[in-house]
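Chemist: From first to last, the protein sequence lines are chains A and B.
Quick note: the first sequence, position 98, residue 98 per the UniProt record's numbering, numbers continuous.
Quick note: the second sequence, position 486, residue 486 per the UniProt record's numbering, numbers continuous.
None of these hints come from the bench; they were simulated from the model.
Among the hints, erroneous ones may be present.
If chains are identical, the list can't say which one is meant, so a pair holds when it fits in one copy or spans any two.
[Stated by the list, open to error] In silico BS3-like cross-links for lysine-lysine, where the CA-CA straight-line distance does not exceed 25 Å:
hint	residue 1	residue 2
1	Lys-486	Lys-517
2	Lys-517	Lys-336
3	Lys-322	Lys-639
4	Lys-504	Lys-345
5	Lys-397	Lys-486
6	Lys-455	Lys-336
7	Lys-643	Lys-455
8	Lys-473	Lys-69
9	Lys-146	Lys-240
10	Lys-241	Lys-345
11	Lys-517	Lys-473
Protein chains: 2
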Amino acid sequence: MHDFILTLEDLSTKAIGNVEALFAQANGFMGVRASWPVRTPEATPGSFVNGFYESHEIIYGENAYGYAKEHETMVKLFDFRSLELAVYGQVFDRLISEERALHMDQGILHESFVYATAVGHELQIDLESFTSHAKRDTYAQKWTIKALNFSGNLSVKTAAHHLVAESDDEFDPRIREASADLIFEGNRLTTRHSGLSLYSEFSSVDQQFDLAEGESISFENFYRLSRENHFEPVDYEDLKKQQAVIFEEFWKVSDILIEGDVQLQKGIRLNLYHLFNSAGRDGVTNFGAKGLTGVGYEGHYFWDTEMYLLPFFIFTQPDIAKNLLTYRLQKLPLAKERAAELDFKGALFPWRGISGRETSAYYPAGTAQFHINGDIAYAFSLYEKVTGDHDFIEKSKEVIYETARFWQSFGFFSERGFEIHEVTGPDEYTALVNNNYYTNKMAQHNLAYAAELAKRFGEHVQEAADWQEAADKIYLGYDQECLLTKQDDSALDKQVWDFAGTPKENYPLLLHYHPIKIYKHQVLKQADTLLAHMLYPVDLAQQARDFDYYEPLTTHDSSLSKAIHGIIASRLGRDEAAYQFFADSAIMDMVDGQGNASHGIHAANMGGSWLGLIYGFAGLEFENGKPVFHNHLPASIQKMSFKIKVKGQVETYTFTQEERNV
Amino acid sequence: MHDFILTLEDLSTKAIGNVEALFAQANGFMGVRASWPVRTPEATPGSFVNGFYESHEIIYGENAYGYAKEHETMVKLFDFRSLELAVYGQVFDRLISEERALHMDQGILHESFVYATAVGHELQIDLESFTSHAKRDTYAQKWTIKALNFSGNLSVKTAAHHLVAESDDEFDPRIREASADLIFEGNRLTTRHSGLSLYSEFSSVDQQFDLAEGESISFENFYRLSRENHFEPVDYEDLKKQQAVIFEEFWKVSDILIEGDVQLQKGIRLNLYHLFNSAGRDGVTNFGAKGLTGVGYEGHYFWDTEMYLLPFFIFTQPDIAKNLLTYRLQKLPLAKERAAELDFKGALFPWRGISGRETSAYYPAGTAQFHINGDIAYAFSLYEKVTGDHDFIEKSKEVIYETARFWQSFGFFSERGFEIHEVTGPDEYTALVNNNYYTNKMAQHNLAYAAELAKRFGEHVQEAADWQEAADKIYLGYDQECLLTKQDDSALDKQVWDFAGTPKENYPLLLHYHPIKIYKHQVLKQADTLLAHMLYPVDLAQQARDFDYYEPLTTHDSSLSKAIHGIIASRLGRDEAAYQFFADSAIMDMVDGQGNASHGIHAANMGGSWLGLIYGFAGLEFENGKPVFHNHLPASIQKMSFKIKVKGQVETYTFTQEERNV
């Protein structure tokens with residue numbers, strides 16, 4: 001079972017930021033980075049509460065009508081993991097050694113640190129900790145402190161340091177920290193601008209212990225945060241037992257067994273572990289791009305949830321899927337306001353944010369990604385198809401209608417069909433184009449699904465006919481000469497990026513070239529047309545041509561890219577390529593493949609690695625609304641086994657090399 | 001000669017902001033708004049020094065590589081026109097009446113105000129003032145103050161109030177005020193961030209006068225500002241005489257006589273007056289979009305200079321034209337830096353700014369307007385063609401070479417020819433398009449002119465061949481089916497704006513709709529393809545089709561639009577339309593046609609009205625490099641007479657209805 005335990009040896013870089021993020025613990029409500037127990041400047045501790053953000057006015061160099069008005073930034077709350085330790089007035093501030101073992105099977109982190117004072121007194125600090133899934137308001141710790149080579153009076157003090165954002169004068173758009181202006185009143189803390197409150201109940205230790213050499217002391221500690229000022233009593237051992245039961249239940253359905261590659265096995269488990277941990281459970285929160293493990297992307301929710309995370313939840317943890325979809329339903333009124341503000345009908349969900357309001361301060365790669373609407377509709381329909389939970393869809397149908405109304409008013413009929421202009425597709429190295437293939441496919445599905453629901457519920461007859469017409473006549477660009485699917489109207493007319501002349505250190509391109517330089521070239525950040533093919537397969541020869549054309553143009557500067565490429569490669573029988581894409585994706589954060597795991601896990605990529613296994617190696621497609629599988633297992637994986645839950649029934653699937661070769 | 005005098009009666013709105021801007025005085029170095037002599041909250045006094053700006057870091061909601069780094073804002077300096085007046089401790093703060101007479105023939109403003117105290121004491125204040133063109137460091141005033149209905153001890157105090165920017169929480173991108181952080185040391189003032197200094201020498205009055213009813217006092221006052229701490233003595237009457245001589249010289253060449261419409265006659269003179277007043281003379285300053293009459297557009301220099309103002313100067317005041325072109329030559333090193341920053345060769349001039357650095361905080365309508373390079377090259381070539389000053393072009397040839405190098409590296413050869421992608425043309429209601437017709441035409445000329453110069457000077461042989469090839473193969477989009485010039489690759493594919501459904505109060509569109517909504521439609525802010533046709537005429541039938549197609553799609557939300565439409569209409573023999581476009585343009589600020597004359601004059605439109613007369617009604621075109629004229633005089637103008645200076649020779653042209661009807 002050691003491939004259920006993540007240790008420091010599994011990480012290719014042990015920089016503290018990466019360790020903090022990968023060993024972070026969370027329970028959908030609260031997240032805690034695995035920082036060191038002694039505070040030090042290079043560490044970046046943090047704890048977060050899902051949906052707890054501070055807002056700040058967005059300042060534009062040049063403002064314009066309809067721009068998003070406020071930033072929302074998930075608040076970095078406290079350092080819950082530091083102790084103040086001293087003996088003979090000397091502090092233990094020299095880290096001698098550390099060991100960490102994240103028991104993913106139980107949801108518990110075991111750590112052991114040796115610290116020394118300047119004069120050489122050494123302590124061993126053992127910490128067992130977890131963010132409780134039974135009581136989501138609780139982060140529970142059990143500390144054991146042992147005097148290794150001295151006797152003396154040890155002073156021990158716990159302290160939940162309130163953290164402030166680090167100033168950030170970089171222009172890396174992927175991180176953005178902003179100080180929250182918190183008001184502390186008794187055990188309540190409130191954000192000054194967004195007006196959100198949390199209550200706290202922190203136990204604490206502030207004691208002196210006479211320790212003999214080799215002797216140890218031990219104590220439990222609880223840091224509790226809640227939206228209500230009410231905390232039920234908790235018992236450490238009880239919570240720990242409940243945690244193990246909950247994780248056992250989780251893995252029972254969600255685990256995937258991979259034989260033949262221990263690193264991949266551990267990588268995929270780490271991914272599923274984090275997915276389970278960071279998903280909002282309350283219907284009013286969602287899943288940040290970095291989960292609850294770091295401040296990257298300000299803790300914002302994106303389309304990542306619908307397109308990269310929800311398939312995993314829908315197929316294995318449908319209750320969590322329902323909670324995440326309920327968040328969108330809750331935010332429908334704000335999405336309607338936003339569409340009206342932009343002078344369109346229906347609802348437009350925000351490209352990014354927490355509250356449900358648009359917060360993207362760069363509309364060409366923000367608001368213009370209208371495909372968010374289609375992504376949300378897609379997720380609802382996938383949920384219905386897999387779970388059969390028609391009641392929930394009946395409750396949520398306005399989401400589908402209103403997003404369809406948006407497309408109907410945003411697009412227009414021309415000689416070519418129903419066209420959708422001035423959008424940005426998933427590939428953010430191209431912006432503000434006409435008829436992005438992915439967007440048009442998602443809009444088509446959204447419109448058709450709305451028409452289907454309207455028919456089912458016997459309503460909106462005329463509108464439904466219009467929606468169906470738009471869906472039927474959707475314009476999908478195709479180059480008859482090159483036999484290629486056109487990513488957008490002008491995609492194939494552009495100059496090809498000078499890859500040979502681009503030094504390695506100039507990737508990701510977005511940090512080294514002006515957007516105009518990037519946009520004017522044929523160069524992709526991530527899967528775009530290929531993602532559409534993954535969802536809506538065209539004939540294989542076409543997928544092959546498009547793959548062969550677009551993949552070499554793709555930098556994979558986005559962590560959302562490789563898994564999708566792997567899936568198409570699987571379909572095409574290109575096992576070696578498929579395996580490599582999958583492997584890069586499965587262990588991306590373990591090897592810090594994107595170079596910024598310290599900002600937090602790449603949640604969408606983690607979900608993408610699940611897609612890679614199930615849609616790729618296991619070849620999931622739908623036939624007549626039912627999942628069917630095709631064995632695309634690459635040679636280096638002997639056997640893969642997993643479960644999915646379809647209409648309440650858990651089914652186990654096993655794929656082997658032998659079967660494949662039959 | 002009364003049509004040389006602007007009075008309040010000529011303005012359709014007498015709001016103080018408009019009056020301040022239209023009666024403002026300037027001399028290319030210094031500008032002073034015609035504010036009231038008693039300070040009041042609704043007034044917006046201001047004085048400015050050309051090129052004297054403060055910089056501030058641009059804050060982006062989301063930053064990216066290569067974005068402009070600093071705002072530059074022309075500093076609103078002092079209120080030079082207010083007096084503090086009191087009798088018996090009562091202040092004169094009630095304006096009873098005012099008269100203003102701007103003697104444009106002499107460059108002198110005569111004003112008369114009656115003010116009263118709360119208890120009814122009345123004063124008449126007469127002010128004669130001018131910004132000296134003989135001594136550009138001097139703003140000269142002659143005050144006469146008369147007790148109308150009282151006797152008493154009048155206290156009179158002049159005070160140059162230092163002005164601070166008004167806060168601006170609107171999102172109107174056309175205005176932007178920012179407080180300058182000025183450091184005052186003795187008679188030197190320095191901007192804290194941009195580090196620019198000015199020296200001042202202000203005379204002042206602080207005196208008590210025993211006045212009998214009907215009696216008056218009189219005094220002169222000088223406000224002087226200079227980049228050097230050196231002020232030569234001045235004499236009011238001498239300066240006044242010199243002013244009259246200078247203006248006589250100016251009008252001798254630059255005046256245009258229009259018979260049949262007094263308002264138009266005055267309108268065009270007001271326009272030429274302001275053009276003469278606000279143009280930088282020193283080769284290191286240029287001409288702000290609002291001249292030196294207001295804070296609109298932060299006092300920035302745009303392409304307006306090259307395309308709307310320079311033709312007037314080139315044809316009638318070539319020395320001023322040379323000064324304005326010298327500014328660009330001076331800034332070439334910064335333009336080379338900018339091109340390198342964006343990873344292109346050659347030089348890229350800034351879309352807007354003062355120092356020569358790019359300051360546009362919204363690149364889709366800023367940096368992306370690469371046509372600025374072609375506009376500058378065009379102005380140099382027009383200057384050479386009209387003046388025959390080849391020496392200056394030899395000195396400036398690097399401007400042409402470096403801009404050509406930019407195009408060569410920014411564009412690319414495809415099957416279709418030499419293409420230029422991801423640019424924004426003059427029409428800012430469309431952004432980031434491929435092969436904007438205007439841009440491609442300007443680039444073509446730029447490349448060809450560079451090749452021509454290289455040949456003339458026997459250098460850069462291989463490059464010149466490349467430039468010529470790119471010019472020869474420039475791709476110009478044309479719709480074979482509709483027989484229309486394509487504004488850009490996708491211009492004709494878009495949905496047409498719903499003009500019928502757009503309420504009048506929703507114009508200008510940019511203040512009422514999100515950019516995406518605007519960009520995705522066929523709707524134009526201003527002349528784009530038609531401007532290209534004005535410069536590079538195609539056959540008349542084509543111009544007619546393009547006019548008929550594009551004009552109805554044009555909102556003329558930009559003040560740069562109507563004059564150009566008028567010129568094409570003239571060519572097409574559509575006299576009525578031509579006259580209306582010209583008239584709207586000629587008196588635009590007198591009737592506050594754009595609704596924001598208070599921000600300052602619309603300088604480019606003023607230059608545009610000159611273009612309307614000379615390129616439109618007089619039908620100027622070039623044949624074999626020589627200007628030729630065609631009489632397009634509309635029916636309501638009996639006679640038009642003007643002079644132009646070609647290769648040093650002043651020639652007079654007169655057009656009459658009789659001749660036209662022959």
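Chemist: How would you label the pair Lys-241, Lys-345 (within, between, both, or neither) given a Cα cut-off of 25 Å?
Modeler: So Lys-241 and Lys-345 fail the 25 Å test inside a copy (51 Å) and across (66 Å) alike.
Chemist: With identical chains, the pair Lys-146 and Lys-240 could be close in the same copy or across copies; at 25 Å between alpha carbons, which is it: within, between, both, or neither?
Modeler: within (23 Å within a copy, 94 Å between copies)
Chemist: Is it within a copy, between copies, both, or neither that the alpha carbon of Lys-455 lies no farther than 25 Å from that of Lys-336?
Modeler: Answer is within: at 23 Å inside a copy they meet the 25 Å cutoff, but 62 Å across does not.
Chemist: Pop the pair Lys-643 and Lys-455 into one bin, within, between, both or neither, using alpha-carbon distances up to 25 Å.
Modeler: Neither way: Lys-643 and Lys-455 sit 34 Å apart in one copy and 75 Å across, limit 25 Å.
Chemist: Please work out whether the CA atoms of Lys-397 and Lys-486 approach to 25 Å or closer within one copy, between two copies, in both situations, or in neither?
Modeler: neither (32 Å within a copy, 43 Å between copies)
Chemist: Tell me, please, which holds for Lys-473 and Lys-69 at an alpha-carbon limit of 25 Å: within, between, both or neither?
Modeler: Neither: 36 Å inside a chain and 46 Å across chains, both beyond 25 Å.
Chemist: Regarding Lys-517 and Lys-473, is the shortest C-alpha distance of 25 Å or less found within a copy, between copies, in both, or in neither?
Modeler: Classified as between: cross-chain Cα gap 22 Å, same-chain 34 Å, threshold 25 Å.
Chemist: One pair to classify: Lys-517 and Lys-336, alpha carbons no more than 25 Å apart. Within, between, both, or neither?
Modeler: between (35 Å within a copy, 16 Å between copies)
Chemist: When Cα atoms must be at most 25 Å apart, do Lys-486 and Lys-517 count as within-copy, between-copy, both, or neither?
Modeler: Answer is both; intra-copy 21 Å and inter-copy 23 Å each pass.
Chemist: When no copy is named, should Lys-322 and Lys-639 be tagged within, between, both, or neither for a Cα gap of at most 25 Å?
Modeler: neither (31 Å within a copy, 79 Å between copies)
Chemist: Tell me, please, which holds for Lys-504 and Lys-345 at an alpha-carbon limit of 25 Å: within, between, both or neither?
Modeler: The answer is between: 21 Å across copies meets 25 Å, while 45 Å in one copy does not.
Hint violations for this structure: numbers 3, 5, 7, 8 and 10, all remaining hints satisfied.
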